[in-house]
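Participant: Sequence:
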Amino acid sequence: MLCFKTRNWGPAILDSVDHVILRGCSMRSMLTKLGLLATIMFSFVDGIATGQQTKGQTAPFYIGTYTGGESQGIYRSELDLLTGQLRKPELVAELKNPSFIAIHRNQTELFAVSEVSAAEAGQQVFAYRILPSGQLNLINSQPAGGDGPCYITTDATGRYAFVANYGSGSVTSYAIKADGSLSEPVSNVQHIGSSIDLRRQMSPHAHCILTDPSNQYVCVADLGLDQVLVYNLGDEGQLTLNSTNIQLMKGSGPRHLAFHPDGKHAVVIHELTSQLSSLSWDSETGKFERLAVVSTLPKDYTDSNSTAEVLIHPNGKFVFGSNRGHNSIASYAFDSTNGALQLVGHQSTGGKTPRNFRLDPSGQFLLAENQNSDDIHVFRVDDKTGELAETGKSIKVGSPCCIRFLHQ
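Numbering follows the numbering used here, in which position 38 of the sequence shown is assigned residue number 38; successive positions increment by one, without gaps.
Be careful, since some hints might not be right.
[What the hints assert, rightly or not] Below, a list of computed lysine-lysine pairs in the DSSO-like style, where the Cα atoms sit at most 30 Å apart:
1) Lys88 - Lys352
2) Lys250 - Lys177
3) Lys317 - Lys264
4) Lys88 - Lys393
5) Lys384 - Lys352
6) Lys384 - Lys299
7) Lys287 - Lys250
8) Lys317 - Lys384
9) Lys393 - Lys96
10) Lys393 - Lys317
11) Lys396 - Lys88
12) Lys96 - Lys177
13) Lys287 - Lys317
14) Lys384 - Lys264
15) Lys96 - Lys396
16) Lys264 - Lys250
17) Lys352 - Lys96
18) Lys396 - Lys352
19) Lys317 - Lys299
20) Lys393 - Lys352
[To be verified] Okay, the calculated beta carbon distance ranges per label pair:
21) Ser362 - Gly325: 27 to 35 Å
22) Asp300 - Asp235: 48 to 56 Å
23) Glu90 - Asp335: 38 to 46 Å
24) Lys299 - Gly122: 45 to 53 Å
25) Ser362 - Glu390: 16 to 24 Å
26) Pro314 - Thr337: 16 to 24 Å
27) Asp383 - Ser280: 20 to 28 Å
28) Gly345 - Asp80: 22 to 30 Å
Hints are computed from structural coordinates only; laboratory data are not their basis. Using N, Cα and C, we set each Cβ at its ideal position, and we do this for glycine too.
Make the full structure from the sequences, and use the hints.
Facilitator: As structure tokens, this is what we get:
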């Protein structure tokens, strides 16, 4: 049996808004949808004003890491969009195990989790101001509401932040205040349950948390439950469990989730069975449906492996997933008519344990982060075929595990 305990710590200061679809809306719904449209328009104008569309040849990005080895916290680098060359990374904030980061849509704040237990550190979620120099200045911090926070994201309006706690199997929401600081937790929900893998699934393990394209729902991949859980996003940032959770293959361990640009599909990567699932998504009901499942590994590969990240190319035609063990990025062509995934190929990441990777905002390059070889390698993406090609460009950085571009 699966049940949930929910705590609410009080109202957030700002309302959420829904997807911009006005037909058949109530007055309140129409106003919130118009608010999101205005937000998007201001974002576009702001992007032009800051040179986001015309800045040209480089794309700055930030790197989350595990510390204790060669890393001391969060780093900054730049990608040359002509050559794929990477700038030598510089330390911009010292923090223990900033394993996942998120950048606010206004590009002036960065949020990070410190992946430690609540007993080890009372404050595990951090808000930083991004200075003109690229350095980070701490604004404030808050508790994660659980152990081992491993994922942080913001909603489409930039009003709320969400954290997934892997160790305790819980999720937490926050309001983002006008000064960029994080409110006290608005909602904290403890998942309860288990699945069939006695080593990894004796308890819940929330591993990824994202808003859906309509910004009405918050979706959580829980590795310990073999489910993607769906929450309604309230007007004050509160999370309320929907009844539309999707049960995935037992023992598969869904780790990360990515939505398709069409707003009607998603893909899930399964850590424990090295598989990818494609799903349909209905933003009217908040419901997923399973479509297809494929392996992320070559047929002749027999050694150990676990998957990590999954992303969809901005053009919507290709899906990429990382293999830790095989140390590769698997590329697939995606058919949006039926959700089919057709293997394109496997590309070595040039190192060990690609825990994470990121496509640059233009979709020209893929940056693969090899956690156990302390490096990031750059690959050029063929947007016609989905094939990856080595550029020969790389940098050294200790235990990299998350990349976020400033203008994305």
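Participant: Hints numbered earlier in the text: which of these fail when held up against the supplied structure?
Facilitator: 2
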